[in-house]
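Take a look at the letters that make up each chain.
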Amino acid sequence: MNRARWIAAGLLAVVFLLALGANVLAPAPYAKQFRNDTDHPPSRQYPLGTDDLGRDRLSRLLYGMRISLLLAPAAALISTLLAAIIGGAGAYAGGAWDRSTKIMTDLFLSLPWLFLLLTVRALLPLEIPAMTSVIVTFALLGILGWAASARVVSAAVRGLRDSEFVLQARASGCPPSRLLLRHVLPNVKPILLAQFWISVPLFILTEANLGMLGLGVTEPLPSWGNLLRELENYAALTHSPWLWAPLASLVLVVSLFQFIVAGEEYAS
Amino acid sequence: MKSLRSISHHLIAIVLTALLGGLLGATLVRMAPGFGVQESDLNAQLSAETRQALHRQDAVERNVLSYYWHYLAGLSHGDLGYSRSMDRPVSELLRDRLPETLQSLAIGVAGGWLLGLALALPATWKRSPLYSATASVITGLFLCIPSAVLALLFLVIGSPGKLAIALVVFPKVFRFSRNLLIKTYALPHVLTAKARGLSSARILAYHVLPNIAGPMLALAGVTVSIAFGAAIPVEVVCDSPGLGQLAWKAALSRDVPLLVNLTLIIALVTVAANSFSDLLAPTATRDVI
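Sequences listed follow chains S and F, in order.
Under the working numbering, residues -8 to 259 are what the first sequence spells out, in order.
Under the working numbering, residues 7 to 295 are what the second sequence spells out, in order.
Incorrect hints may appear among the rest.
[Stated by the list, open to error] Below, computed lysine-lysine pairings styled on DSS-like, alpha-carbon distance capped at 30 Å:
(1) K255/F x K189/F
(2) K178/F x K132/F
(3) K200/F x K178/F
(4) K132/F x K180/S
(5) K255/F x K178/F
(6) K178/F x K180/S
(7) K180/S x K93/S
(8) K178/F x K93/S
(9) K189/F x K132/F
[To be verified] Taking beta-carbon pairs under 8 Å as the criterion, some of the chain S residues facing chain F (in silico):
(10) L98
(11) A113
(12) V143
(13) N224
(14) Y225
(15) S231
Derived by calculation from the structure, the hints in this document are not laboratory data.
Source: prediction; values computed, not measured.
Think of the CB as a built atom: it goes at the ideal place given N, C-alpha and C, for glycine as much as any other residue.
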């Protein structure tokens, strides 16, 4: 990693620490309502003001960031593992397995991502507890977001399967499990890592879109998606610039991720 | 012969998508909570015989394979089923809303391509690090903003929200075409043409475009899919009566049959767009070396 990427990683680490320390750093609990101070402008007590229910915006932003920054990597881990299992195993097995996993991947890729998410999300109950909605949203992202990564992983595994060193290892009697663990997996690891890093900002953005459509994390739990819904109040945007804070933080985090991802992609 | 085989491969892919997608959808509908619950059971005005008749009718739908068979038979006659939440046939809803989405997609895809190429071409010609960095930062910024927020921003400044789709598409077009153009401009035959003093326009038209037409057409298919995805939040935020808004309404009212039909149709359209661009790519690409 070059110096610029180290700086980006450092900034991202600071944001992570801020989000992780929400319990300590947040001036108030995320759901606490100060009913006498609704729509309060920024002050010493409320650095980003309060929303229309009197909840402290900074506290909600910190807690919302924590949810997205902890669960998007978890969802990315699920999708990368699924990509490794479906794409990698199919390509390694070859023949009909490879063809059927390819068809399945193409089918998933042909469905626009948000349409698929909406369909599957609609199959689950909409009125669910806030904590369940967080788990459901990110689990769906992880379970349905494997296809693009699987295509990359399967192409890499296919190349490795037909490579000379694997053929030689096979010819010298290397058992399939050892072949997979010692020769194929270490070579696919950088690709899996790159796919993981690519998925994290994608999932953060998708949750934000779902949240804005009212199908993501539900109130009173904050997330970038439902915090951005305050932007729908056009009239307040011009004289309340602090309403842009969730968008600014989202753009900062996603751009830092993308900056690091560019390096990972290049390395892999 | 080769092109016939390619066409048949793509047709098989479209048919497979329809069959697998339909089966997947039919299965998902059955897994949804509340499936099979009869509202008529709560209607005291209906007799026991009528309720039994309705149950018998429903029993056919409960078996996924029999339902799927009926669904395919209906599909072959253009019958896509009935939307309970909208109280209208799905085909009628699609007919009403498709033009709005197609218009949004056309504006979005065309705008995205124009903007992407308008930024990518100077980045290749000038090779100025400052221009390249600025263009990369601008496109990177748009990749970091959710499409729903982009649509909102357009509404705030009083512009049509549909243009937000163009801003979702253009970063992808810019990045892909810039990389492709840089590689193509470094090819020996292009360097020779430059050394012989050919004009920039002639080099682009005769030596660069024929080389990049194939991959660009493949990207065109992909951008249709990207634009479809962006159409949901954009149409919801801008309250435009298209397929994206219909999908969102169907999701909120848990009208799964409607959603499954919509997803299947959109999958077919995107697979067809990708297949079409894949088929055109070899004919569009000319070996100019």
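Tested hints:
1. K255/F x K189/F: violated, 45 Å
2. K178/F x K132/F: Holds: K178/F and K132/F sit about 20 Å apart, inside 30 Å.
3. K200/F x K178/F: holds, 28 Å
4. K132/F x K180/S: violated, 38 Å
5. K255/F x K178/F: Judged against 30 Å, a Cα distance of about 29 Å means the pair holds.
6. K178/F x K180/S: Holds, at about 26 Å.
7. K180/S x K93/S: Holds: K180/S and K93/S sit about 21 Å apart, inside 30 Å.
8. K178/F x K93/S: holds, 24 Å
9. K189/F x K132/F: Between K189/F and K132/F the Cα gap is close to 14 Å, so the pair holds against 30 Å.
10. L98: L98/S check passes; min Cβ-Cβ to chain F is 6 Å, inside 8 Å.
11. A113: holds, 4 Å
12. V143: violated, 15 Å
13. N224: Violated: closest Cβ of chain F sits about 10 Å from N224/S, beyond 8 Å.
14. Y225: Holds. Min distance 5 Å.
15. S231: violated, 13 Å
Taken one by one, the earlier hints fail for this structure at numbers 1, 4, 12, 13, 15, listed in ascending order.
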